[in-house]
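There are 2 protein chains.
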Amino acid sequence: MVEKRTPIPVMEAIQKVMKFAKEGEAEVVPLEEAYGRYLAENLQADHDVPPFDRSPYDGFAIRAADSALASLEHPIEFEVIETIGAGQVATKEVGPFQAVRIMTGAQIPNDCDAVVMFEVTNEYERDGKTYMSIKRSFRPGDNISFQGEDTKKGEVLVEKGTFINPGVQALLATFGYAKVKVAKKPKIGIFATGSELLDVSEPLAPGKIRNSNAYMIQAQAIRSGATPVYFGKLADDADQCFAAIERVLHEVDILITTGGVSVGDYDYLPVIYERLGAEVLFNKIAMRPGSVTTVAQIDGKLLFGLSGNPSACYVGYELFVRPVIRTMLYSSKPYLYKTKATLLSDFPKPNPFTRFVRSYVSAKEGQLYVSPVGMDKSNIVTSLAKANALMVLPGGTRGFAKGDLVDVWLLENEKGSAQ
Amino acid sequence: MVEKRTPIPVMEAIQKVMKFAKEGEAEVVPLEEAYGRYLAENLQADHDVPPFDRSPYDGFAIRAADSALASLEHPIEFEVIETIGAGQVATKEVGPFQAVRIMTGAQIPNDCDAVVMFEVTNEYERDGKTYMSIKRSFRPGDNISFQGEDTKKGEVLVEKGTFINPGVQALLATFGYAKVKVAKKPKIGIFATGSELLDVSEPLAPGKIRNSNAYMIQAQAIRSGATPVYFGKLADDADQCFAAIERVLHEVDILITTGGVSVGDYDYLPVIYERLGAEVLFNKIAMRPGSVTTVAQIDGKLLFGLSGNPSACYVGYELFVRPVIRTMLYSSKPYLYKTKATLLSDFPKPNPFTRFVRSYVSAKEGQLYVSPVGMDKSNIVTSLAKANALMVLPGGTRGFAKGDLVDVWLLENEKGSAQ
Numbered sequence: 001m002v003e004k005r006t007p008i009p010v011m012e013a014i015q016k017v018m019k020f021a022k023e024g025e026a027e028v029v030p031l032e033e034a035y036g037r038y039l040a041e042n043l044q045a046d047h048d049v050p051p052f053d054r055s056p057y058d059g060f061a062i063r064a065a066d067s068a069l070a071s072l073e074h075p076i077e078f079e080v081i082e083t084i085g086a087g088q089v090a091t092k093e094v095g096p097f098q099a100v101r102i103m104t105g106a107q108i109p110n111d112c113d114a115v116v117m118f119e120v121t122n123e124y125e126r127d128g129k130t131y132m133s134i135k136r137s138f139r140p141g142d143n144i145s146f147q148g149e150d151t152k153k154g155e156v157l158v159e160k161g162t163f164i165n166p167g168v169q170a171l172l173a174t175f176g177y178a179k180v181k182v183a184k185k186p187k188i189g190i191f192a193t194g195s196e197l198l199d200v201s202e203p204l205a206p207g208k209i210r211n212s213n214a215y216m217i218q219a220q221a222i223r224s225g226a227t228p229v230y231f232g233k234l235a236d237d238a239d240q241c242f243a244a245i246e247r248v249l250h251e252v253d254i255l256i257t258t259g260g261v262s263v264g265d266y267d268y269l270p271v272i273y274e275r276l277g278a279e280v281l282f283n284k285i286a287m288r289p290g291s292v293t294t295v296a297q298i299d300g301k302l303l304f305g306l307s308g309n310p311s312a313c314y315v316g317y318e319l320f321v322r323p324v325i326r327t328m329l330y331s332s333k334p335y336l337y338k339t340k341a342t343l344l345s346d347f348p349k350p351n352p353f354t355r356f357v358r359s360y361v362s363a364k365e366g367q368l369y370v371s372p373v374g375m376d377k378s379n380i381v382t383s384l385a386k387a388n389a390l391m392v393l394p395g396g397t398r399g400f401a402k403g404d405l406v407d408v409w410l411l412e413n414e415k416g417s418a419q
Numbered sequence: 001m002v003e004k005r006t007p008i009p010v011m012e013a014i015q016k017v018m019k020f021a022k023e024g025e026a027e028v029v030p031l032e033e034a035y036g037r038y039l040a041e042n043l044q045a046d047h048d049v050p051p052f053d054r055s056p057y058d059g060f061a062i063r064a065a066d067s068a069l070a071s072l073e074h075p076i077e078f079e080v081i082e083t084i085g086a087g088q089v090a091t092k093e094v095g096p097f098q099a100v101r102i103m104t105g106a107q108i109p110n111d112c113d114a115v116v117m118f119e120v121t122n123e124y125e126r127d128g129k130t131y132m133s134i135k136r137s138f139r140p141g142d143n144i145s146f147q148g149e150d151t152k153k154g155e156v157l158v159e160k161g162t163f164i165n166p167g168v169q170a171l172l173a174t175f176g177y178a179k180v181k182v183a184k185k186p187k188i189g190i191f192a193t194g195s196e197l198l199d200v201s202e203p204l205a206p207g208k209i210r211n212s213n214a215y216m217i218q219a220q221a222i223r224s225g226a227t228p229v230y231f232g233k234l235a236d237d238a239d240q241c242f243a244a245i246e247r248v249l250h251e252v253d254i255l256i257t258t259g260g261v262s263v264g265d266y267d268y269l270p271v272i273y274e275r276l277g278a279e280v281l282f283n284k285i286a287m288r289p290g291s292v293t294t295v296a297q298i299d300g301k302l303l304f305g306l307s308g309n310p311s312a313c314y315v316g317y318e319l320f321v322r323p324v325i326r327t328m329l330y331s332s333k334p335y336l337y338k339t340k341a342t343l344l345s346d347f348p349k350p351n352p353f354t355r356f357v358r359s360y361v362s363a364k365e366g367q368l369y370v371s372p373v374g375m376d377k378s379n380i381v382t383s384l385a386k387a388n389a390l391m392v393l394p395g396g397t398r399g400f401a402k403g404d405l406v407d408v409w410l411l412e413n414e415k416g417s418a419q
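Protein sequence lines, in the order shown, are assigned to chains U and V.
Its first residue numbered 1, the first sequence is counted upward by one per residue in the numbering used here.
Its first residue numbered 1, the second sequence is counted upward by one per residue in the numbering used here.
Mixed in with the good hints there might be a few duds.
[To be verified] Here are the simulated SDA-like cross-link-like pairs (lysine to any residue), alpha carbons at most 25 Å apart as the crow flies:
1) K340/U to T342/V
2) K153/V to E202/U
3) K364/V to I222/U
4) K333/U to L344/V
5) K349/V to Q147/U
6) K364/V to A238/U
7) K233/U to Q88/V
8) K402/U to E79/V
9) K340/V to G395/U
10) K415/U to S417/V
11) K184/U to Q367/V
12) K364/V to F52/U
13) K184/V to V156/U
14) K338/V to K187/U
15) K187/U to A178/V
16) K179/V to K184/U
17) K233/U to K181/U
18) K333/V to S362/U
19) K233/V to F52/U
20) K415/U to K152/V
21) K386/U to P372/V
22) K187/U to K349/V
23) K415/V to R223/U
24) K415/U to K364/V
25) K179/U to S201/V
26) K187/U to K129/V
27) K160/U to P372/V
28) K333/U to E365/V
29) K338/V to E202/U
30) K340/V to Y369/U
31) K386/V to P206/U
32) K349/V to Y57/U
33) K152/V to K338/U
34) K415/U to Q367/V
35) K333/V to G366/U
36) K338/U to P30/V
37) K233/U to P30/V
38) K364/V to V392/U
39) K340/V to N413/U
40) K160/V to I222/U
Derived by calculation from the structure, the hints in this document are not laboratory data.
All figures in this text were calculated on a predicted structure; none of them were measured in a lab.
Input sequences plus hints: build the corresponding full structure.
Below is the structure:
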């Protein structure tokens, strides 16, 4: 009466899903809206940086050779023939022992090859002319930011697939990207299943719980770079489920259902997948939580049947859906950022399955530490709020002790891992 | 001719600014829009979790006492009198050697005190009735998730000022927050100054550079939780600057200008602050980059005069503006997350001032490592794109060597530090 399912290892499950992950579409947005998106093409320099030799300070541009004999005892005097601000260009020719008053960012006058900062000069007027004197010598190139010393025209500065942070935003502006080609946000359709689910605004009733998964997954979808579309609750009826899923499938890039994937009497999803003609990639994984996670594909479109239990649902999203989304966003590092941390407390429970323990990673004196948040029962929603990492404990291991170095996958790191 | 300014230590400058930081306003948003915002009140449980004793598995609810004598040799048979799914409540009284077929999440029937998972039962029919048998005994409480074992009604689960991540979003749904009281996003007005600045869509011209700071700060403002309002470029004219700033000041919570704060001939901001009647908190800091960062206040409203140089502008925002914003968002940890990391390469430059070096922090085998990104000239914008941290090197130190443990302030960590 109970269907028997064969669990597959979690890494194998991820690989099966990722075979169907492919790059998504691109769209063009104004620079003002580019922050937080992902580059759909390499960001290239359209000019040298600096674009011309320029002054990094407020001071005087001079011909260095004129300063050769300057000393404390024998200051050398320069006639100040012109003043240029940033954005201005010198108009006069600079002759021997002449100088141009120059502001930060302004282009070095043609005949000059050094800048003397205000602070080391003595400026004065005489007979209606302005002079300044210096008490030390300068070499050609002193205090000049040279054209192209930061970046050469044509250089690739940021690669396709990169998250657009404030620094990338500044680069886009610098190189004239008034419009930016970014990855289109994948559309994720979401259905919740389960007649025990109440809407958030409904009062509690016997046997019922509020629907938290739909809201959680919408937030996870946004965090991973996608646009969630919540289609509401599926009825506990196979025909209605089928009709609802078939109706929306073409509108979304990915479809997620939560609940209904167990082998309980009211778990209709296996039937739905069959009726849709979808290929079930797996329906049981050797992991906790989330062992009943089911993934199917139809014409290359992925259908994720995540567990109805909040923690399993959360982990299922991060493990299976996120890397697909990030691949659509052109990332070459679509997986959660994987590293290690020192366990802060004993974790004695042995388990035959790979465990993903909701945890908090912190840093101290150059070391990363990890501690599980809350008890690790799979029906506990509170621990998700405090988790910034999943601690990954391989199956078949005995418990772990305080001080052990364990694997952690960071949930809030934009960087990601390549595998 | 050149104004003399006295630099103050960076931590003192931050403290001077933070004296004017205060909690902002709150607003109510639908739960769907709460992700990414900051809680304006504590999140409390409005009911026990679980709200009733419930089954964590698909199986049979029984009276544990009835199973006492079950063994491999002597299976004990139960009559299955009813089936309940999640959200349903048992309607029949359960007598001796009777059982209820129960799905994950369903409420435990009144008379039952244990759940037997499908996997360890043998289910069959006889004479039109359904039976199951078990070959081991169960104790009262076996396989039951008890009411309130996760969370008690009234408990504070997440504190005011917390970033609403997907886990917090799930909690809000669970506890019926259909509308969520969140911190209103502070409004940050932004002006760029400098006649050398071209708009992003303009072609390059001699002596000119494109305006990248305005876009960068808008992105930094969003990242820190605020709403940027870009007012465009200020003219290089004191009267026009004054008029423009006076006109918008009442529309924003904070005003940022970039550029115009040096002691160059075209740096009008000191004059503007004076005309506005603003109190200048400081106009020179013993730090690199960003030494000319100026902050003023008028009637408690902060005016930040950030440097026009992109790196100095970036660092100035993160050091001085961000903690003010986070305080307005009710955070008790408004500063960048501060920790330490091992230096991956020599950094030999000595410097009398505290340096904030744009850096990349990575993790390996439980350790944090840091390396500077790009050369650290203050006019280099490219390094900002790759930085996820500021390496903080105290003033008065000689160079640092590979392997040294140095301070790092993380730019992309939601958690923050209390000081």
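Structure-based check of all given hints:
1. K340/U to T342/V: holds, 16 Å
2. K153/V to E202/U: holds, 17 Å
3. K364/V to I222/U: Outside the cut-off at roughly 28 Å; violated.
4. K333/U to L344/V: holds, 23 Å
5. K349/V to Q147/U: holds, 23 Å
6. K364/V to A238/U: Given pair K364/V, A238/U is violated - Cα atoms ~49 Å apart, limit 25 Å.
7. K233/U to Q88/V: Within the cut-off at roughly 17 Å; holds.
8. K402/U to E79/V: violated, 48 Å
9. K340/V to G395/U: violated, 33 Å
10. K415/U to S417/V: holds, 22 Å
11. K184/U to Q367/V: violated, 36 Å
12. K364/V to F52/U: violated, 41 Å
13. K184/V to V156/U: violated, 39 Å
14. K338/V to K187/U: violated, 36 Å
15. K187/U to A178/V: Satisfied, since the Cα-Cα distance of roughly 24 Å is no more than 25 Å.
16. K179/V to K184/U: This hinted pair is violated, its Cα atoms lying about 30 Å apart.
17. K233/U to K181/U: violated, 36 Å
18. K333/V to S362/U: holds, 14 Å
19. K233/V to F52/U: Given pair K233/V, F52/U holds - Cα atoms ~23 Å apart, limit 25 Å.
20. K415/U to K152/V: violated, 38 Å
21. K386/U to P372/V: With a Cα-Cα distance of about 31 Å, the restraint between K386/U and P372/V is violated, given a limit of 25 Å.
22. K187/U to K349/V: violated, 49 Å
23. K415/V to R223/U: holds, 16 Å
24. K415/U to K364/V: holds, 14 Å
25. K179/U to S201/V: holds, 9 Å
26. K187/U to K129/V: violated, 48 Å
27. K160/U to P372/V: holds, 22 Å
28. K333/U to E365/V: Judged against 25 Å, a Cα distance of about 19 Å means the pair holds.
29. K338/V to E202/U: violated, 43 Å
30. K340/V to Y369/U: Given pair K340/V, Y369/U holds - Cα atoms ~13 Å apart, limit 25 Å.
31. K386/V to P206/U: violated, 53 Å
32. K349/V to Y57/U: holds, 20 Å
33. K152/V to K338/U: With Cα atoms ~35 Å apart, K152/V and K338/U exceed 25 Å; violated.
34. K415/U to Q367/V: Holds. K415/U to Q367/V sits at ~17 Å (cutoff 25 Å).
35. K333/V to G366/U: Holds. K333/V to G366/U sits at ~20 Å (cutoff 25 Å).
36. K338/U to P30/V: violated, 34 Å
37. K233/U to P30/V: With Cα atoms ~19 Å apart, K233/U and P30/V stay inside 25 Å; holds.
38. K364/V to V392/U: Answer holds: K364/V to V392/U is near 16 Å, not above 25 Å.
39. K340/V to N413/U: Since the Cα atoms of K340/V and N413/U sit roughly 18 Å apart, the hinted pair holds (cutoff 25 Å).
40. K160/V to I222/U: holds, 22 Å
Figure legend: structure checked against the earlier numbered hints; hints not met, in rising order: 3, 6, 8, 9, 11, 12, 13, 14, 16, 17, 20, 21, 22, 26, 29, 31, 33, 36.
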